Every structure is written in structure tokens, then in C-alpha cells.
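Asks: Going down the list, the sequences are from chains A and B.
Just so we're aligned: the first sequence equals residues 1 to 322 in the numbering used here.
Just so we're aligned: the second sequence equals residues 1 to 322 in the numbering used here.
By construction, these hints were calculated from the structure, which means they are not laboratory data.
Since the structure is predicted, the reported quantities are computational estimates derived from the model, not experimental observations.
Incorrect hints may appear among the rest.
What the hints assert, rightly or not - Some residues of chain B that are not near chain A, with every Cβ distance over 12 Å (derived): (1) Ser58; (2) Arg136; (3) Gly240; (4) Ser271.
Stated by the list, open to error - Below, a list of computed lysine-lysine pairs in the DSS-like style, where the Cα atoms sit at most 30 Å apart: (5) Lys232(A) to Lys76(A); (6) Lys76(B) to Lys232(B); (7) Lys299(A) to Lys267(B); (8) Lys267(A) to Lys299(B); (9) Lys232(B) to Lys79(B); (10) Lys299(A) to Lys232(B); (11) Lys267(A) to Lys79(A); (12) Lys232(B) to Lys79(A); (13) Lys299(A) to Lys267(A).
Said to hold, decoys possible - The calculated label-pair distances, taken between Cβ atoms and stated as ranges, are: (14) Arg258(A) to Val280(B): 31 to 39 Å; (15) Gly17(A) to Ala256(B): 26 to 34 Å; (16) Gly17(A) to Ser27(B): 51 to 59 Å.
Every residue gets a Cβ at the ideal spot worked out from N, C-alpha and C, and that includes glycine.
There are 2 protein chains.
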Amino acid sequence: MPRPVDVGDLVSRAREGQARAVARLISLVEDASPHLREVAAALAPHTGRAQVIGLTGSPGVGKSTTTSALVGELRKRGKRVGVLAVDPSSPFSGGALLGDRVRMQDHALDPEVFIRSMATRGHLGGLSWATPQALRVLDAAGCDVVLIETVGVGQSEIDVVSLADTTVVLLAPGMGDGIQAAKAGILEVGDVFVVNKADRDGADRTVRELKHMISLGRKEIQGAMWRPPVVKTVAARAEGIDLVAEAIDAHHGWMADRGVLEQRRRKRAESEIEAIALEVLRSRFGDVRGGTALEQLAKRVVAAEIDPFVAADELLASLDRV
Amino acid sequence: MPRPVDVGDLVSRAREGQARAVARLISLVEDASPHLREVAAALAPHTGRAQVIGLTGSPGVGKSTTTSALVGELRKRGKRVGVLAVDPSSPFSGGALLGDRVRMQDHALDPEVFIRSMATRGHLGGLSWATPQALRVLDAAGCDVVLIETVGVGQSEIDVVSLADTTVVLLAPGMGDGIQAAKAGILEVGDVFVVNKADRDGADRTVRELKHMISLGRKEIQGAMWRPPVVKTVAARAEGIDLVAEAIDAHHGWMADRGVLEQRRRKRAESEIEAIALEVLRSRFGDVRGGTALEQLAKRVVAAEIDPFVAADELLASLDRV
Numbered sequence: 001m002p003r004p005v006d007v008g009d010l011v012s013r014a015r016e017g018q019a020r021a022v023a024r025l026i027s028l029v030e031d032a033s034p035h036l037r038e039v040a041a042a043l044a045p046h047t048g049r050a051q052v053i054g055l056t057g058s059p060g061v062g063k064s065t066t067t068s069a070l071v072g073e074l075r076k077r078g079k080r081v082g083v084l085a086v087d088p089s090s091p092f093s094g095g096a097l098l099g100d101r102v103r104m105q106d107h108a109l110d111p112e113v114f115i116r117s118m119a120t121r122g123h124l125g126g127l128s129w130a131t132p133q134a135l136r137v138l139d140a141a142g143c144d145v146v147l148i149e150t151v152g153v154g155q156s157e158i159d160v161v162s163l164a165d166t167t168v169v170l171l172a173p174g175m176g177d178g179i180q181a182a183k184a185g186i187l188e189v190g191d192v193f194v195v196n197k198a199d200r201d202g203a204d205r206t207v208r209e210l211k212h213m214i215s216l217g218r219k220e221i222q223g224a225m226w227r228p229p230v231v232k233t234v235a236a237r238a239e240g241i242d243l244v245a246e247a248i249d250a251h252h253g254w255m256a257d258r259g260v261l262e263q264r265r266r267k268r269a270e271s272e273i274e275a276i277a278l279e280v281l282r283s284r285f286g287d288v289r290g291g292t293a294l295e296q297l298a299k300r301v302v303a304a305e306i307d308p309f310v311a312a313d314e315l316l317a318s319l320d321r322v
Numbered sequence: 001m002p003r004p005v006d007v008g009d010l011v012s013r014a015r016e017g018q019a020r021a022v023a024r025l026i027s028l029v030e031d032a033s034p035h036l037r038e039v040a041a042a043l044a045p046h047t048g049r050a051q052v053i054g055l056t057g058s059p060g061v062g063k064s065t066t067t068s069a070l071v072g073e074l075r076k077r078g079k080r081v082g083v084l085a086v087d088p089s090s091p092f093s094g095g096a097l098l099g100d101r102v103r104m105q106d107h108a109l110d111p112e113v114f115i116r117s118m119a120t121r122g123h124l125g126g127l128s129w130a131t132p133q134a135l136r137v138l139d140a141a142g143c144d145v146v147l148i149e150t151v152g153v154g155q156s157e158i159d160v161v162s163l164a165d166t167t168v169v170l171l172a173p174g175m176g177d178g179i180q181a182a183k184a185g186i187l188e189v190g191d192v193f194v195v196n197k198a199d200r201d202g203a204d205r206t207v208r209e210l211k212h213m214i215s216l217g218r219k220e221i222q223g224a225m226w227r228p229p230v231v232k233t234v235a236a237r238a239e240g241i242d243l244v245a246e247a248i249d250a251h252h253g254w255m256a257d258r259g260v261l262e263q264r265r266r267k268r269a270e271s272e273i274e275a276i277a278l279e280v281l282r283s284r285f286g287d288v289r290g291g292t293a294l295e296q297l298a299k300r301v302v303a304a305e306i307d308p309f310v311a312a313d314e315l316l317a318s319l320d321r322v
């Protein structure tokens, strides 16, 4: 028998900072439990306060170490901090690998730090479904700052950007040339750039190339121009992390003054609403005619009998009939 | 005035191998032109023949060089080859960066090779929308093999896996330790592994670690077990590329014998149909009440007045009324 859930009590205890209540609420929203909507409704009035920071970069640049050091810096400043570590490998493995989560152990016993590994799902909803809900839990639980750390480039990075107020992009010297960096799309998504492992050879060259490429590629937002700073760090020794925190705050203030923050958050809510609505519709596809409609249509497409657009029309038509 | 489009003529010319007709058809499907459905219908009867190979790996492992070398190998074997180079940076930049496409110049004048850079879109449809349609064009144009090359990990990699018959994962020595590799989810997605730049220090160690991790993590498919081979290459000198081609063919034969190929292709068609159906629905969201419904709902979510699930319900309800 499933444990009975008192959502109101859980939310109260989460707001008092009880880690178990926070963890339980995240599980309830992450698993799309029957209590999902009740939890969402109970959280809503307490949301909107947390500053959301995305951290992204290729494997090997030291994201987890930097996240851990940044948590330390924010704790020094008296902030309550949430961390969502998003792992795109999970759709295939069914669970997050904990290898470098170990580095976050520094904060495991701090009652003002909440750390959660998120498994993205192997479907279209992906990160855009579960992570915003976990973010709402941490926000309602009184986190001043939520850090969302993700691996690599591509859709998960795009999703993090769409969730964050400020996106921090990490690089390291010698991880490939400038074109490779640009190819990964990092120039357009970064509000703050960090060159980590700056004690290595080539750090100054990486900073120089990055600044040059940034100067070429920036666009105006709301008629104003944010010039992303490039900060050098050695996260393993917490060097330069105070400067990263300051750069993040400078960006936050810049956005707030110009209405960009409000705009980003509205866009975030739009994506969230849309993802939920699409997920609701998508769940209906599987139900159509006992789940066989999609499979039958796919067989006909593979057999070159119909094209996928005709198949999609038939799928939607059968949806309307249920 | 837009150019008039004779879809039937374009398809005929594409099937004769005329590169301009192929390029034009891809543009028509990629831009979701008014002719999209007409093109899809005209292509459908000619699809289902191409062998689809996905190539993925982190930036810097030599994907473009390997793709180019593999095209050369397939040409030696008399195959007509299509290449789709998918660039996840494009949602932000509005166009693909051409930096390392230059390495494909070897094949630019070969009339039996079609190369196309794909811009993924900055929305949920993403790669799962445009790339399958471009794949159908190349398939109908008589390509024996279509190579889909993508950058990095995350959603774009997942999408490539869902499109390909065989997924080739590239690594290079010294790109990070084993846990980093596993974190990126590559072990579960690879049918064939390639350790490129095998003339570098540490290549044998990378191969050894990879084989060990593969041996730990494999799952049965349809009651059978495919053991992904690990092939060493120096793509810049075309060394080992013949072995890559043989490993791909071995995997293809293995799947065909066991019905796995048919199953993968049906799953691919299901994803494609579903993505199209969701995109159709999604386009309706923007139309609801002159495009303001979603924006107004988002504002109320940001103001902590309603939760996003209630907002999604209202969005869907307003959709039903139009």
C-alpha cells in the first residue's frame, strides 16, 4: 500500500527547511504521482522568489566542482541554496550515475543546502517537464538561489537556458578550438563565462579567444546589450568563485532593471505550461484504440504506404473521437 | 513572389540523383513550407531502402573527419551516400556554422554524395521534426546509406539514436575518464564504438576501459545480445575506417536477422508521427485567442496566482473551443 500523503503538511515542513519533506515533494512531482496537481497547487503561492542559475558545459570542464564551490560561496553569503543536477544519460540507464556527485559531499550535512539529481526522461517532455516542477519545490522551500547543473550540449542545455535567470557556461583550456566551442552553441546561451582549470596551460589563450568571439556575436535584448564577462577560476581550490558570484549578481541586477528578468520568467512559464499541455495530449495518444493506433500507423509508414503527416492526421482524428 | 514548385518533377529529378532537386526538396521539408505535405506524400512510396547510420560523440573527437572518411569508404563500395550534419547550436544562431564542414570538401564534387547541414529548431519539435523529413528525401533520392552526424550529448544524441538503424559513438583518448564517458550516456546508445585519434597516447587504455564498461552494461534486445565492437581509427589518415564500415554492416545484418531492424524502424516512425501530431497541436496553442492565451496564463503563473497545471488545463480547454 502506498504511504498516505498529507500534501499541506509536507509543504509546511518544506517551507521550514526540512530536507526530507523537500525530497519527498520532489519525488512526488518528478514521478508524476497522483498527488502531482495537488502539490503544484499547494506550492504555487510560495513561488517566484528564488534566483535560478543554470550551469552548463562539456564533460570534463569541472562543472560539479564549480557547482560545489559556488554553493560554498553562496553559503558564505548566508543564502539557502538548492542544486538540481540534471543527467541526460538517465533516459537510457534508468538512474543517475553518482560518480562526481561525490564532490558535492562537502555540503551534504548543511541543512541550508538541498541537492537533487534529476533523471531526464527519454521522451519529448524530458527536462522541460520534471525539472521545472522540482525547481518550484525548491523555490517554495525558501531557497534564495537554485543552481541547475546539466551535462553537455544540445537539448538539455537549451532547456536549462530556458529555465535559468542567468546561464553560466564553463570551459576549460585545451578542450578543443574556438570553432568547436562555437559549434556547441555556447556563445549564444552564456550570460557569464567561466574558464575553469585556469592554472593550466592555454588558459589565457582560451579567455582571449572567447572574449573575441563574444564580441562578434552579441545581440541586443530589449534594446540593451549585456556583455558577458569571462571569469577565470580554479574551482578545485575555490579560486575566482567569488568573482563568479559577483558576475551572476551583476547580470541579475542588469536584467531586473530592464524588465528582462520578468520577460525571461514569463517565457519560462510559457514553456512550462506548453510542455504540460503537450504531455497531457501525448498521454492520450497511447490510449487511442487501446494503444494500437500509433503502432498500426507506424507500420504503414514503414511499409511506405502512407506518409507520416497523413498518419499524424489520422492519429489526431482518432484522438478527437475518444 | 515565391517560385512555383512542381513537386512531382522535383521528386523525379531527385530520384535521378540531381543534387539541386534534392537540396530544394530538403529546403521545402525543413522550412515546413506550404508544400511540405505534398512533398511528403510524393516521397513516401520511394522510402524505406536507405540504411541509416548515426554518428555521435563529444566535440573534439573528430566526428566530421570520421564522417568524411566513412563517406570515402562507402563510395569505394559503390554506395550512393547522404550526409545530414545536425548542429544543435542553430536554435540560437539561426544558421549552422560551417567551420568543420570544410573537411567534407573532399566529397563536394562527387555526384553520388549529398551533404546537408541541418539547423535544429529551438522548440520541442527540434531534431525530431525536420531531420526525419530530410532523411526521407535522401532515402527517396536513392541513397543507399544516410549518415546523420550530431554534436555532443543530450537530447540531440537521443534523437539521432531514435532515427538511426546503427549508432556509432566516437571517443578519443584523453577526453575525460570513464565515469565522464558513462555520464554522457554513450554506453547505452552505441552499437559500434570508435576510438579515433588512436595514434595518440592512451588509446589502448581508452579501448580497454570502454570494453570493460560495455561488458558490464549490455542488455538483451529481443532475447539476443549484441556486443558492440570497439574499433580503433585514425580518421585523418583513413586508417581503420574499413573496419568501421564492416562493423556497421555486421550490426545491420544481426538486426535484420532478428527482426530488430524492423522494430527500430517502426519505433522511428512512431516518434515521427507523434512529433508531427504534437507540432500540429502546438501550432494551435499560439492561435488560441489571437496568441494571447498562453502569454496571459504565463503571467498568472509568474505572479504565483495559479500553478502551471491549471494553466495547461485552461490552455487545452481554450483549444477545444476554437
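Asks: Work down the list of hints and note, for each, if the structure agrees.
Replies: Do the hints match the structure? See the list:
no.: 1; hint: Ser58; verdict: 6 Å, violated
no.: 2; hint: Arg136; verdict: 8 Å, violated
no.: 3; hint: Gly240; verdict: 22 Å, holds
no.: 4; hint: Ser271; verdict: 9 Å, violated
no.: 5; hint: Lys232(A) to Lys76(A); verdict: 20 Å, holds
no.: 6; hint: Lys76(B) to Lys232(B); verdict: 20 Å, holds
no.: 7; hint: Lys299(A) to Lys267(B); verdict: 9 Å, holds
no.: 8; hint: Lys267(A) to Lys299(B); verdict: 9 Å, holds
no.: 9; hint: Lys232(B) to Lys79(B); verdict: 23 Å, holds
no.: 10; hint: Lys299(A) to Lys232(B); verdict: 37 Å, violated
no.: 11; hint: Lys267(A) to Lys79(A); verdict: 26 Å, holds
no.: 12; hint: Lys232(B) to Lys79(A); verdict: 49 Å, violated
no.: 13; hint: Lys299(A) to Lys267(A); verdict: 38 Å, violated
no.: 14; hint: Arg258(A) to Val280(B): 31 to 39 Å; verdict: 36 Å, holds
no.: 15; hint: Gly17(A) to Ala256(B): 26 to 34 Å; verdict: 58 Å, violated
no.: 16; hint: Gly17(A) to Ser27(B): 51 to 59 Å; verdict: 55 Å, holds
Violation of the numbered hints given earlier is confined to hints 1, 2, 4, 10, 12, 13, 15; the remaining hints are satisfied by the structure.
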